[in-house]
Each structure stands twice: as structure tokens, then as C-alpha cells.
Amino acid sequence: MTAADLLTVSPLIALTLTAVVVMLAAAFRRSHALALRLTLGGLAATFGTLFVAASRDARAVTLLVSMDAYTLFFIGLLTATTALVAILSYQYLAQLPVQPEEYYVLLLTATLGGVTLVASTHFAAFFLGLEILSVSLYALIAYTARRAAAVEAAVKYLVLAGATSAFLIFGMALVYAETGTMTAAGMRDVVAGLHPGAVVTIIGLVMLLVGVGFKLALVPFHMWTPDVYEGAPAPVTTYVATVSKGAVFALLLRFLLPVSADQGSAVFLALAAVAAASMLAGNLLALRQDNVKRMLAYSSIAHLGYLVVAFLAAGERAGAAVAFYLVAYLTTTVTAFGVVTVLSTADRDADHLLDYRGLGARRPVTAAVFTVALLSLAGLPLTIGFIGKFLIVTAGSGAALWTLVVLLVVTSAVGLYYYTRVIVAMYVRAPEGAQAGRTAPGARAATGAPAVFTLVALTAFLLATGVYPQPLLRLAEHAVSVLPWP
Amino acid sequence: MLSLLWLIPALPAAGSVLLVLFGRRLGRGGTAWVGTGSVSLSAVLALLVCGSFLAAPPAGDAYRQVLWTWFDVGGFAPAIGLHLDAVSIVWVLVITVVGFLIHLYSVEHMERDDGFTRFFIYMDLFVFSMLVLVLADNLLLLYLGWEGVGLCSYLLIAFWQEDAQNVYSGRKAFIVTRVGDTALIAGLFLLFTHYHTLEIGQLMHLVASRSPAPDSGVVLAAGLLLLGGAVGKSAQAPLQTWLPDAMAGPSPVSALIHAATMVTAGVYLIARTNVLYTLAPDARLAVAIVGTVTLLLAGFSALVQRDLKRALAYSTISQIGYMFLALGVSGWEAAVFHFMTHAFFKALLFLAAGVVIVALADEHDIFRMGGLRRELPAVFATFTVGAAALAALPLVTDGFYSKDLIIATSLGSVDGGAWFYVASLIGAFVTGLYSFRLVWLVFFGARRTEVSRRPRWRQLVPLYALAALSVTGGFVWMPAWLGGFEPLRKLLDTALPPAPMEGAAAHFAESVGAALITILVVAAGVGLSYVLWMPRRERTQAFAAAPSVQPLVALWLGGWGFDWFYERVFVRPVKRFAHWARHDLVDHVVGGIAWLNLAGWRGLSAGQNGRLRGYLAVTGLGVVLVLAVVVLR
Amino acid sequence: MAAVSLDHVLALAAVLFAVGFVGLLTRRNLIVVLACIEIMLNAAGLAFVAAGARWGQADGQVMFLFVLAMAAAEVAVGLALAIRFRQAMKSLDVDDADRLRG
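Chains as they are written, first to last, in the working numbering: chain U, 1 to 486; chain Y, 1001 to 1633; chain P, 2001 to 2102.
What the hints contain is simulated information worked out from the structure, not anything from laboratory work.
Hints should not be assumed to be uniformly reliable.
In silico SDA-like cross-links for lysine to any residue, where the CA-CA straight-line distance does not exceed 25 Å [to be verified]:
| id | chain 1 | residue 1 | chain 2 | residue 2 |
| --- | --- | --- | --- | --- |
| 1 | P | Lys-2090 | P | Asp-2007 |
| 2 | P | Lys-2090 | U | Ala-346 |
| 3 | Y | Lys-1172 | U | Leu-287 |
| 4 | Y | Lys-1172 | Y | Arg-1306 |
| 5 | Y | Lys-1172 | U | Thr-411 |
| 6 | Y | Lys-1172 | U | Ala-368 |
| 7 | Y | Lys-1172 | Y | Pro-1479 |
| 8 | Y | Lys-1172 | U | Leu-96 |
| 9 | Y | Lys-1172 | U | Arg-146 |
| 10 | P | Lys-2090 | U | Arg-146 |
| 11 | Y | Lys-1172 | Y | Ile-1185 |
| 12 | Y | Lys-1172 | U | Val-414 |
| 13 | Y | Lys-1172 | Y | Arg-1568 |
| 14 | P | Lys-2090 | U | Ala-368 |
| 15 | P | Lys-2090 | U | Arg-147 |
| 16 | Y | Lys-1172 | Y | Arg-1572 |
| 17 | Y | Lys-1490 | Y | Ile-1200 |
| 18 | P | Lys-2090 | U | Ala-149 |
| 19 | Y | Lys-1172 | Y | Gly-1115 |
| 20 | Y | Lys-1172 | U | Leu-353 |
| 21 | Y | Lys-1490 | Y | Val-1476 |
| 22 | Y | Lys-1172 | U | Asp-290 |
| 23 | Y | Lys-1172 | U | Ala-425 |
| 24 | Y | Lys-1172 | U | Val-409 |
| 25 | Y | Lys-1490 | Y | Ala-1062 |
| 26 | P | Lys-2090 | U | Arg-348 |
| 27 | P | Lys-2090 | U | Ala-148 |
| 28 | Y | Lys-1490 | Y | Gly-1115 |
| 29 | Y | Lys-1490 | Y | Ser-1052 |
| 30 | Y | Lys-1490 | Y | Leu-1093 |
| 31 | P | Lys-2090 | P | Leu-2079 |
| 32 | Y | Lys-1172 | U | Ala-367 |
| 33 | Y | Lys-1172 | U | Ala-413 |
| 34 | Y | Lys-1172 | U | Ala-346 |
| 35 | Y | Lys-1172 | Y | Asp-1307 |
| 36 | Y | Lys-1490 | Y | Pro-1479 |
| 37 | Y | Lys-1490 | Y | Met-1204 |
| 38 | Y | Lys-1490 | Y | Ala-1506 |
| 39 | Y | Lys-1172 | U | Leu-354 |
I would like the entire structure built from these sequences, with the hints used as guidance.
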């Protein structure tokens, strides 16, 4: 690696340095505000180095990573999301009896893992990135360790993540054993040239998908999702729902791009079945969920199903749809869980439907933000969610994936029910004298001006992009254009 | 002047946003000014723009203003563009002018309500959405407006949200129209896949130039799907069940949304895409049948309603049935004319009803009203004008001109026929019957409830204005035997094809003779209503309560049992399934798999299976299944 | 001495992997569960070593080193979690962690 290479990977370096600096700062002086400021500063610096990396010519650095436009687009998305999560976490953590500084370190290392995933072009980087992300998440999920729910959620996540990682590695080993390649380019060739006789390779690919499927919470690897979403502290749930899924999906596109070309291939069928099951199960399981976090967990399963449909549609336009929908999904999810975070108190998260009853009267701004986020998840026009879904349906129709597209439309319609349930609950006036939800009287929620401001800004983004999506669309198209489309 | 077109929808939108941001600080007075002012400015602009259009019609009798490209995906680049022609002029003027009058009325009507600001936010948002709907130059943007008005309708129906029943009515409206919306979006996709454009002008041109074969199946399917959407939004059979329940909202909402504008969106859609229906006779027939069935169904239901607003709601459904009937027999222009006159008198009726209800301290039951003729003289006068227009009293009401035109078209058009003609006459008879039933029961007879609040100028001026429009609105299209002064028809000819009136039937339909038949039928209806409900109302009531008659009355009261049917066939099974699926379905599967695993692996500790292990088991089973599928292909 | 064939090593790895997975499904003690995960990870690592040997590259063994390091990190966190688990549930029985459901 030369000095020039160092400049190319400067985003990764910046991020690592930030994590180290925050850790050291905590050692010298414990200050929540300082930790947050250093985190945000570091993330901003990382965002800045994207432009440095963009100006380089040679983008591949060693076999392991490639800092092309695709990578840089997603690094930007992930760092922005992490910054948003950090801002939303501040007030939430401030009222808990935990030491908050290490939280930011873990957040940064998790993001580092995610960024590595996005940049990776080799199994080694893939594996490393995934594990850095996972291990950081184990600790993050259990951060509020005094709550039994958090510990339970973390244990479940750890065991399942560990097991599926083992599947992943075994799968990688099988593929390597059969084909001798561990690079993304090699993988693409393998997938493109896959014939039914290569049983061991196929088994390897499927096992690889097990590891990926777990992280993406696709059926049948989704069982952890509602429990972990419910048990983890709200901002961590936000992170798990967004960054970890986004990073893995971006990697999926790079490694398995040619899957969409052959609609009869084994891997294609497997993914199609997974997508269909995810859309169905996700939307049906959410139908009468009274726990808002669990409902959003099931809905995220469905959304990843939609994304897989877009992934299965061949062509560059489908790739742009995937990138666009990832942005839409990430921003909307941060907004939705952000509301949950902001309404949470020291003793419990605001996860029950009763906590939202009458919110429209008590806190109209927050209620309006949540309404927009839920409508965007439902895919109503004027929101970014509608454009995203429209793009996926267009891509899917273009590739003649009729069953999947019909399933998408039908399950989306089903989804409208449970989203409007929450909206209705917010605007029905709470009965006289009733406590807001089950919160102890006098408990203060984790609302701070920065958090609310962030949420409002996000809402404005959701609506603005719903009306004028061209810039983002262009950016997404540019990002996926560097991938080798057939 | 025409370039200011975009301001017409933008002003109410701006008003809504302003109220969201500063509503609390503005207080009631400020809110009223912003809320009503934005719509009034929009109305003034609309008059100016339309006046400019009429004075100097642009090329092709249409004006197009593209604001920006919404998004660009592989060649499909719908624009945010506005299109103004004769049809949209009529709708824009009605929406803004009638909308302004209703907003003015609302300032006084809602003055004691806590949600004053919230009301105007939603109302302005609604006006914006509706204007987007009628000014959109492509079907996708139209759909956006379509969704917007649906959302605002839901918000406003459920406006008094303390009462859960109102919220359920709002949700019912949302869901029932959603069924129609699904058909609409399917139709849009069909059209797009086939013609690769959703820009209305281009689309209609392509459809026309490529017909008849091989497109005829597509055109028919698209026509029927769009009809499905229209049926939902316009509350026609079989999706009409939401409108009577929508009366849970405040009266201005019923006037604006559920009488004058939103429910006519379906009519607008079909009028706009008339090329599809011209080329697909079966779709056209479907439209006409839907209209005819609905106008009769709703008419009879209106006859037995006790709730004043519900009666008017069924009346609206019935009148829109007339518009659909007109569309179905290729009487495009007649439908537009009836839309305009209906907007005037129905809004008037709802606003007057609102005054009555508030005056009697929220009394809705007409059998507990009565004798209000002297207590609320202005309301009595204007309500009667409205009822007269609804009943199509000859010559002096606008309803007469438009309804007679539809009746004539139903007979004389090439697509018309005796059945349609007879049905529309029966409908006219029933309309006369129920509209004056309301007048006699509410304003005559003994006073049952005392008047506690009287209307002031903000409520009275709109009533007078709408009454004036209800009288004079018909003079823009007089029939041939009265002189044939028809500037409206000449205007609409620039955008719509004329109705194909040919043959002896048409000759008769356009003559004085046919008009006299209509007049007689109407007079009979009004006369019978006087007989039944004026001097002998007790006997009529007793008659209606008689055991042999009661089932029929109950049937009409319940809207011919549509709600009952839907509840049993659709709602209950879905609720039952959702309740069953409430617990994680896969939990049951997990238990089974875990048991299988333990039984399979005998010799190892067989304890109680916990959740985590169950999750692992499912993962394992999942892997095995996928592998099996993949490897064994 | 004849070299061990790839298939045999892979078979061994598969058997170890299965043993680990079955252990995960059947054992209730959290520490044992963590140990089973270790078995699975090491089995996968073994498969990598075999694969590397098949192609005559060091890559397989390098990957195994990565796996080892990652497994160590995971177990460290896992054991810390086990302590917390014991404090919260008063036992190390994994089946006790069933309060989050539905």
C-alpha cells in the first residue's frame, strides 16, 4: 500500500481515527457532550474525506476494498445515518444510569464495520466488516444492561448472529474450495456461470446467503428481529434497522449482481422465494401488533422483501431503484424510530400503542413527523416512499417478475392497515384524566431541541424528495453505474 | 395572465402551510383571514385566468403549463404540469368559488369549535388537492390529487375525533375508496405499459389513433378499471356505502367535499378520458348501468331517511348517478352541466342544513324539526330554492335545465334507450318526492324543537349567493325550444365531443313535448310529497310503520343492505384472520419443529424447548428447505 | 504419506459443524451454547484451511486466522453478556429468556 492508497481509503482511516479519539477522550475526561461533539465532528470529517477519495484515479486498494463511486455513495449514506442516530441518542442516553461515552465508540466501530462492508471486494474484508459490525452491535444492544429485556435481546442476537456467521464462513469456504476465488469479481463470474451440476458451489452460495439473510432479517432468518427491536434501546434499534441492513444490502448488490440475469437459476429461485415469504410474513405479522417497535420490526422485514424484488430485477435501472429505495428506507426508518426514541423515558421505551394515543393533541409536531414517516413507509404519494415503491414496481414489471410485483402491491396495501392504526391512535383524543400510555407520572421524555429539529428536517426531506426526487435519483444512478452490469 | 395558472392551486397550499406553522399565533381572526383569504384569492385568480382564456382562447383550446419534471425513470418522465381547457375551467371555477363561499360560511359555523385552525388547515389542503386533480396534465399527477383529496376527506370526516364513531366513519371512507383506488392504479399501469405515457392529451391521441384492433381489449379493461376507481370516489354502487356515514363530519365538509367536489372526481376522470369510453361501448354501457342503478337505489333510500344530512347524502349519490348515466350515454357535456348545477344547489342544501342543525342544538332528526319557516325565514327561503333545484322545478331553477338535458340525452342519444329514459323519469319523480319531503317536514307543521342559535351574515351571504346561482346557473344552456341560448355548450364543445343525438327519439327528446313530460313527472312527485307530508303526515308515518311496509322501509333506510352484506362477507373474515394471526404464526411452526428435532435426536437431553432454540431450529430448517429446493431442481 | 483429500477434510468440517449446530439446538446452558458456536466457527475455519490447501494458497489459513480472532472477540463479549444474563435471569438457562415474544 502506497501513500496514494492511503488517501484513497481516507474515509476508512478518518472513521477509525474518530473511534480511537473518542475512546481516548473518554479515558481522559468523561463528558457526554464532548463525546457527542467528537463523534459528530469525526463523522463530518469522514464525509469530507469522501470528496478526497472521489478525486483519486485508482480506486481499488489491495484486493480487499474498492473506493469507487458506489462505495462512496453508501459511505456517505451510512455516515449521515449514524450522525442522525447519534444526535437522537443524546437525550435518550443522558437520562439513563449508564456511561454514555463508550456508546459513541461502539457506534463508530459499528459504522466502521458497515463502511468496510460496503467497500469490500473480497471475502476477507466482507467477513471482517460484518464481524466488526456484529460484535459492536452485541454490546450496543445490551447497553442498557439493567433492563432484562435488553440482555435477553442481546443474547438472542449474539447466538443467532454467531451461528449464522458460521454458516456464512462455511459457505465462503465451500465456494472458495470449488472455485478458487474469493473476490467480488470472481463471485460475479461464479454466479453468472453457475450450472445445476455445481452442487457444492450452490450449497456454499446458499449458506453464504444464510449469513446475509440473517443480517437483512429476511424470512426464514427473521425470528430475532421483533425481539431484538423490542429489547434494545430505541436508538440502537434505529441503528440496527438502518445501517446494518443498508451496508449488507449494498454489499449484496456488488457480490451477487448477475443473479438477476438468469431467472431460472437456483440462486434466483431461492431469493425469489425468500422475497415473497418476507413480504407476506412481514406484513401479516404486523397486522395487529400493539407494540410499535415490534410492528416496525415486522414492517422492516417486509421492506427488505421489496428490496430483494428490486435486486432480482435485472438491469442498471433496477440497481438505481435499489439504491434509491435504500436511501428512502433508511431515512424513513430513522425518522420513525427517532420518534420512538424521542418519546421514550428513563424507565421504558415508548413502544406500546397506548403511548401514542392522543399524541396529536399533546405533541402535534412529533405526531405530524410520525404520520409522515408512517405514510412514507406505506408508500403514499408525495413521500419518498412512494417514489421508491414506484421505481421498484417499474423495475420489476420491466423484468416481468409478475408474481413478485403483484405480491408487492397487494402486501403493501395490507400494510396500509397497521400504519393507519397508529396514525388513528395518535389523533383519537385520549380519554379524560388517563395517563399518557403507561408511563409513570412526571416522567420526562427524551426530547431535546436538536432531536426534534433533526426529526423535522428529516420529515422535510421525506416530503421534498417525494415531490422532487430527481437529484437523488441522479445520484443513485451515478453510484450504480460503476458496477459491471451485463 | 394564463401563466398565473399555477398560483390557483398554490395559494390554498400556501395557506395550509402558513396555518400549520403559525396557526396558534394567528388566533381565530388570523386563521379565518388566511384560511378563507387564500381560497378567495384563488377564486379571484381563477375568474381572471378563465376570463382571459375565454376572451382569447389559446391554440387548440387548451393551455399547458409545465412546472418541472417530477422524476425521470428510463424514459418515463411525468411532469408536474397543469392543463387548462373547457372542462377544467368549469371544475376550477366551481371548486374555487363554491369553496370560497363554504370557507366563509365555516368561519361562523365553526366559531365555537376548538379545532378551528386544524379545520382550515385540512380544508385548504383539500382545495389544493382537488385543484391539482382537475388541473393535472398527466394521470399520475391526477392520481396524486386523487389520493390527496381522499386523505383530506378522511381527516375531515373524523374531525370531531373524541367520538370514536367519527373516526371509524373516516376510516370506512378511506378503506372503501381505497378499493376503488386499487382498480384505478391498475388501470393506470395498464395504460402506461401499453402506451408508455400517462400525459392525458398524448394518451388519448394514441388510443384514438391506434384503435380499433388490436387495442380493444386494453381499452375496455382500462375503461372498466378507471370506472372502478370512479365508482369508489364518487360513491356509486357498489361502493357507495361510505358516503352516508361520512356525514359525521361538519356540514361545510359535507357541502364541499361530499357534494360539490371530491365526489365528482369520478365524473371528471371519465369525462377527461372519454376517448377510452367512446372506443369501448361495453365500458360505456357499464358506466350508464352503474349510474342508473345508483340513481334509483339512492333515490329510494333518501325517501325514508330520518337524518337530514343522510337524506342529502343519498340524494347526492343519486344525482351523481345521473351524471354517470349521462356519461354512459355519451352525454359528456350534459354530465358536466349537471355537475355544475348540482354543486350549487347541493352545497346550498348542506349549508342550510348545517344552519338548521346548529340552530336546533345539534338535532339531526327531521321528525323532531318543523315549523322553522317563521323562525329561520332566510334559511327556509334558500333551502326551498335548493330543494326546488334538486327536484328540477321547471324554468326557474338550474336543476331543471341540467336534469332535463340528461333525461333528453338518455332517450335521444345513440347509446340511450327506453330503459334509461324511464329510469331517469322515475328518478326525477322520486327526487321531487324526497326533496320536498324535507321542506315540508323541516319547515312546516308544528315546531318540535326550539331555535337556540341564529345565523349571521357569514352564514347567510353564502346561502343567498348559492341560491342566486341555483336559480341563474341554468341559463347558460337553454334548450332549443326556449331559444337555445347555450354559451356553456359552445365552450364545452371545444373540449368534449357532442352527444350523438340522432333519429326520431332524439327529435322527440329535444322537443317541448319531452320537456313537458319531465315537468309533469316532477310536479307529480312534488305534489305527492305535499299530500303525504303536509296535512296527513301522521298517517304517512303510521303507514311507514305498518308491519307489511316496515321491512321495505328498513331496507331502504339501510341503503339496500349493502353495508350488511359487506360486513358479513368481507369485514368479519378479515378481522377474524387478523385476530388469529395476532400471535406470531411462526410460533406454532416453531413448536412443531422443535418437537421434531428433539424426537429426531433421541439420546440428547430432551428438555422444554425455549424460544432461542426454536429460532435456531427454524433457521436450520430454513436452510435445509432452501437447499432442498435449490439442489433438487 | 498420501495427502489427506479435500473431501475428507470437508466432511470432517461438516460433521463438526453439524455437531455444533445440534448442540446449539439442544443445550440450554448459555456457556455451552457459546462453546457450540465456537465449534461451528472453527469447523468453518477448518473448511477454509482445507480449501486453501486444495488451491495451494495461504489464503485459506489467513482466513482461518481472521475467524479465530473474530471468534475470540465474540466470545469475550458473549461471556460478559453471560454474566449480565445471570444477573438478570438468575440462571444461565437459555430457555428462561422468553419474555420477548409475539
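Hint check:
no., hint, in the structure
1, P:Lys-2090 with P:Asp-2007, "45 Å, violated"
2, P:Lys-2090 with U:Ala-346, "24 Å, holds"
3, Y:Lys-1172 with U:Leu-287, "17 Å, holds"
4, Y:Lys-1172 with Y:Arg-1306, "22 Å, holds"
5, Y:Lys-1172 with U:Thr-411, "19 Å, holds"
6, Y:Lys-1172 with U:Ala-368, "22 Å, holds"
7, Y:Lys-1172 with Y:Pro-1479, "42 Å, violated"
8, Y:Lys-1172 with U:Leu-96, "43 Å, violated"
9, Y:Lys-1172 with U:Arg-146, "45 Å, violated"
10, P:Lys-2090 with U:Arg-146, "13 Å, holds"
11, Y:Lys-1172 with Y:Ile-1185, "20 Å, holds"
12, Y:Lys-1172 with U:Val-414, "15 Å, holds"
13, Y:Lys-1172 with Y:Arg-1568, "15 Å, holds"
14, P:Lys-2090 with U:Ala-368, "43 Å, violated"
15, P:Lys-2090 with U:Arg-147, "13 Å, holds"
16, Y:Lys-1172 with Y:Arg-1572, "14 Å, holds"
17, Y:Lys-1490 with Y:Ile-1200, "22 Å, holds"
18, P:Lys-2090 with U:Ala-149, "14 Å, holds"
19, Y:Lys-1172 with Y:Gly-1115, "22 Å, holds"
20, Y:Lys-1172 with U:Leu-353, "21 Å, holds"
21, Y:Lys-1490 with Y:Val-1476, "10 Å, holds"
22, Y:Lys-1172 with U:Asp-290, "21 Å, holds"
23, Y:Lys-1172 with U:Ala-425, "15 Å, holds"
24, Y:Lys-1172 with U:Val-409, "21 Å, holds"
25, Y:Lys-1490 with Y:Ala-1062, "15 Å, holds"
26, P:Lys-2090 with U:Arg-348, "22 Å, holds"
27, P:Lys-2090 with U:Ala-148, "11 Å, holds"
28, Y:Lys-1490 with Y:Gly-1115, "45 Å, violated"
29, Y:Lys-1490 with Y:Ser-1052, "17 Å, holds"
30, Y:Lys-1490 with Y:Leu-1093, "17 Å, holds"
31, P:Lys-2090 with P:Leu-2079, "15 Å, holds"
32, Y:Lys-1172 with U:Ala-367, "22 Å, holds"
33, Y:Lys-1172 with U:Ala-413, "15 Å, holds"
34, Y:Lys-1172 with U:Ala-346, "38 Å, violated"
35, Y:Lys-1172 with Y:Asp-1307, "19 Å, holds"
36, Y:Lys-1490 with Y:Pro-1479, "13 Å, holds"
37, Y:Lys-1490 with Y:Met-1204, "22 Å, holds"
38, Y:Lys-1490 with Y:Ala-1506, "19 Å, holds"
39, Y:Lys-1172 with U:Leu-354, "22 Å, holds"
Checked against the numbered hints listed earlier, the structure breaks hints 1, 7, 8, 9, 14, 28, 34; every other hint is satisfied.
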